[in-house]
Amino acid sequence: MARFLIGTTPIFGHVNPTLPIVHKLVERGHEVWWYTGEVFKSRVEATGARYVPMVSAFDYSDLKNVPKHLEEEREALPSESAKLVFDFKHFLLDLTVGHVKDFQEILRQFPADVLLSDCAFLGASWVHEKGGPIWATLGVTALFISSCDTAPHILGLQPDSSALGRLRNNILNWVYKRVLLRNLTRYMNSVRTSIGLPPTQKDFVSAGVSPFLYLQQTIPAFEYPRSDLPPQVHFIGTSLAKPSADFTFPSWWEDLKGDKPVILVTQGTLPNDKTDSLIVPTIEALANEDVLVVATTGGQRIKLDRYPANTRIKDYIPYSHLMPHVDIVVTNGGYNGVQEALAHGIPVVTAGTTEDKSETCARVQWSGVGINLKIDNPTPKQIKDAVKKILATSDYRQKAQLFQAEIASYDTPILAATLLEQLVATQQPVLREH
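Going by this note's numbering, the residue at position 127 of the sequence shown is 127; the numbering climbs one at a time, nothing skipped.
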């Protein structure tokens, strides 16, 4: 039996993919303690892991815990890019100081063999540098590891391994690391210095990449090919949540079993407070079409005076129940939502450019499993045209179904658990066989 300490950014899209893996570790007899937001306590405990709260860093899984001055400062920023940098500084790097302190205290009670963190949680890496256990990374976003074959992360550009393409990539990667990320990397090093760690030559984005084991949630067909992919990176397929036994089905559930195509529109969990950017225009776009529109809102109010007759609204529906009935997913490009759609063979329409969504949307276009609208606020016409194009041709669905078959060939929890067990046994980097 081994001991695992998990650290997860307190966001649904980072916690949910980790659940099946932790459940499998516990099922195989390992002891697991899991450090994340209080909102996820019951989910953590349902896996059999021991929940450990965030003490020395504020827990923003409940927004009431976010200091008011941070909310005000963020709201005053002029652009989404400025807000993203603000989030990296104050919701990632600053909080890592508290995460490190908490991890060190936890390890005094629970001497873990391996730390496992998602790719945005730097506490495990920094604790390792301070003499703690080796650590593994779980990739829950599009793979952001730099490569000679790809442009920098967040730009949303297609890969290019030709001579000219690599020249483009090298120039853009240099500018990205030395100019665009320079201030963030300096800020990261100032935070590191404050807790007794030396400055690092790694750029900010590379800081979350474990040199021992990196578990990437997807299949190779969805990710850009990299001739220089680090050997500790393993594709593990897609973590699918088990169907919830206590879910109460809405009264209109039988409508999903009719002859009309079902179009799901979702804005995921971050951000979902702007339903007028995607949910409302999708409802308007398809109001007079012979389809059934299902909108999941995350509890946010939809700003419409009335709903069209072909629209069904629900705060939340587990994907495991809903996806088998869906024909197309319209999404802002949340990584896990796209992975769930592909696991069910469903083509997607994406509209997202913030956070890491531009990269997810770019991969949708590149892989041929859907249409990327390349915008945050599409018009109803843009959405309608994309949906009708997918319905009119079998190409997107056939490609999505090929992905479904490949995803089904992976047993993600078993594969992840086996690789983590190998890391425990060897205490050395776990490298791909080919």
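Just so you know, these hints were derived from the structure itself, not from any lab. We treat Cβ as the ideally placed atom computed from N, Cα and C, and that holds for glycine. Treat the hints with care, as some may be off.
[Claimed, not checked] Here are the in silico distance ranges between beta carbons for each label pair:
| hint | residue 1 | residue 2 | range |
| --- | --- | --- | --- |
| 1 | Arg-186 | Trp-366 | 20 to 26 Å |
| 2 | Thr-248 | Gln-398 | 33 to 39 Å |
| 3 | Thr-354 | Gln-201 | 26 to 32 Å |
| 4 | Ile-171 | Ala-241 | 38 to 44 Å |
| 5 | Glu-254 | Ile-302 | 19 to 25 Å |
| 6 | Lys-41 | Pro-78 | 51 to 57 Å |
Legend entry - Violated hints - listed by number, lowest first: 1, 6
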